[in-house]
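If you want the building blocks of each chain, they are given just below.
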Amino acid sequence: MNIKNKIKIKVNGKRLIFDQNTTVDKLTKKLKIPLNKVAIELNKKILDKKKLKKIKLKVNDKIEIVHFIGGG
Amino acid sequence: MKKKDYLKIDKKNFLSRLIVGTGKYKNMSECAKAIKISGAEIVTVAVRRVNIVDKNKPLLMDYIDPKKITYLPNTAGCFNSEQALRTLRLAREIGGWKLVKLEVLGDKKNLLPDMIETLKSTEVLTREGFKVMVYCNDDPLMAKRLENAGATAIMPLAAPIGSGLGIQNKLNIKIIRDQTKLPLIIDAGIGTASDASMAMEIGCDGVLINTAIARAKNPFVMADAMRHAVIAGRKSYLSGRIKKNIFGSASSPSKGLI
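If you read the sequences in order, they're chains A and B. Letter 42 of the first sequence, counting from 1, is numbered 42 in this note's numbering, and no numbers are missing. Letter 191 of the second sequence, counting from 1, is numbered 191 in this note's numbering, and no numbers are missing.
A couple of the hints might just be wrong.
Within a straight-line C-alpha distance of at most 27 Å, the following computed DSS-like cross-link-like pairs (lysine-lysine) qualify [unchecked claim]: (1) B:Lys-26 - A:Lys-32; (2) A:Lys-37 - B:Lys-24; (3) B:Lys-57 - A:Lys-50; (4) A:Lys-26 - A:Lys-49; (5) A:Lys-6 - A:Lys-32; (6) A:Lys-62 - A:Lys-6; (7) B:Lys-67 - A:Lys-49; (8) A:Lys-49 - B:Lys-68; (9) B:Lys-57 - A:Lys-44; (10) B:Lys-255 - B:Lys-244; (11) B:Lys-57 - B:Lys-24; (12) B:Lys-26 - A:Lys-37; (13) B:Lys-57 - A:Lys-10; (14) B:Lys-67 - A:Lys-51.
Since the hints were derived computationally from the structure, they do not count as laboratory data.
Just need the whole structure built from these sequences, with the hints factored in.
Encoded structure:
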């Protein structure tokens, strides 16, 4: 494994390592995220779910993936 | 035939005047069953991080179909306007939700709303096209300000969230009722069926209940009780009750008495 081609990012507060040039779309597929049931934020900016293939991850990116859970 | 007595929120008609929360249940299937029994057509939901470690965790949407039941995303746990706005913008992104419940808390102990932050958030969200149902204090002046800021519904507390104390300030709720044509929904503090009936008898348009159902020893029976309580209170309100009188008034005629 060549560490040079890897980047560290944070997803929902957890540190994860991905290949350089990984797109957000790829990340959601790897994590098996059901896209129709979530919203995604990259560095506090909401992403258009139709454009995830165009967005590449960078070092120290912070991703938040949220969905609905029970609440009052 | 008589026109149906709909609860109208943002041009949408609902037959049930009971809105229920989906938190605090033992599991998703218990929650889904209680909602079904309650007859609620609107449920509140929270926005939280997806569990990226345990991907097999059950999803709310698999148990409660958002095509059949209206989801009302909330901002529970938000203590300032910035957090609340961020949460609801994300909620909208999940699938186009514009009807939302705004709740900005200011006090961790009693979970009372921070009305300054709530008002600020209502203004911003309304400008962004959201339809905002606002959890607020039972203060008629603040309720008026929220209305002027473009709120879709006014949702004053009966008592602190989860307290089960019932309506503490009936007079204020009545004043708010008299001053607004917006949907008025009691949100938080309901403990038992008579609390819900009382809210409806005062003339509220609906009641929002979570803890009282979810944490009852038998949530299903309580869900049914609340369903009936809201219907009973509403019908009682519409019927035009008798005047209160300190003297007795016999129900049987005195004519023909032997």
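Hints, one by one, checked against the model:
{"no.": "1", "hint": "B:Lys-26 - A:Lys-32", "result": "holds (26 Å)"}
{"no.": "2", "hint": "A:Lys-37 - B:Lys-24", "result": "holds (21 Å)"}
{"no.": "3", "hint": "B:Lys-57 - A:Lys-50", "result": "holds (25 Å)"}
{"no.": "4", "hint": "A:Lys-26 - A:Lys-49", "result": "holds (12 Å)"}
{"no.": "5", "hint": "A:Lys-6 - A:Lys-32", "result": "holds (20 Å)"}
{"no.": "6", "hint": "A:Lys-62 - A:Lys-6", "result": "holds (16 Å)"}
{"no.": "7", "hint": "B:Lys-67 - A:Lys-49", "result": "holds (20 Å)"}
{"no.": "8", "hint": "A:Lys-49 - B:Lys-68", "result": "holds (24 Å)"}
{"no.": "9", "hint": "B:Lys-57 - A:Lys-44", "result": "holds (25 Å)"}
{"no.": "10", "hint": "B:Lys-255 - B:Lys-244", "result": "holds (25 Å)"}
{"no.": "11", "hint": "B:Lys-57 - B:Lys-24", "result": "holds (16 Å)"}
{"no.": "12", "hint": "B:Lys-26 - A:Lys-37", "result": "holds (22 Å)"}
{"no.": "13", "hint": "B:Lys-57 - A:Lys-10", "result": "holds (21 Å)"}
{"no.": "14", "hint": "B:Lys-67 - A:Lys-51", "result": "holds (25 Å)"}
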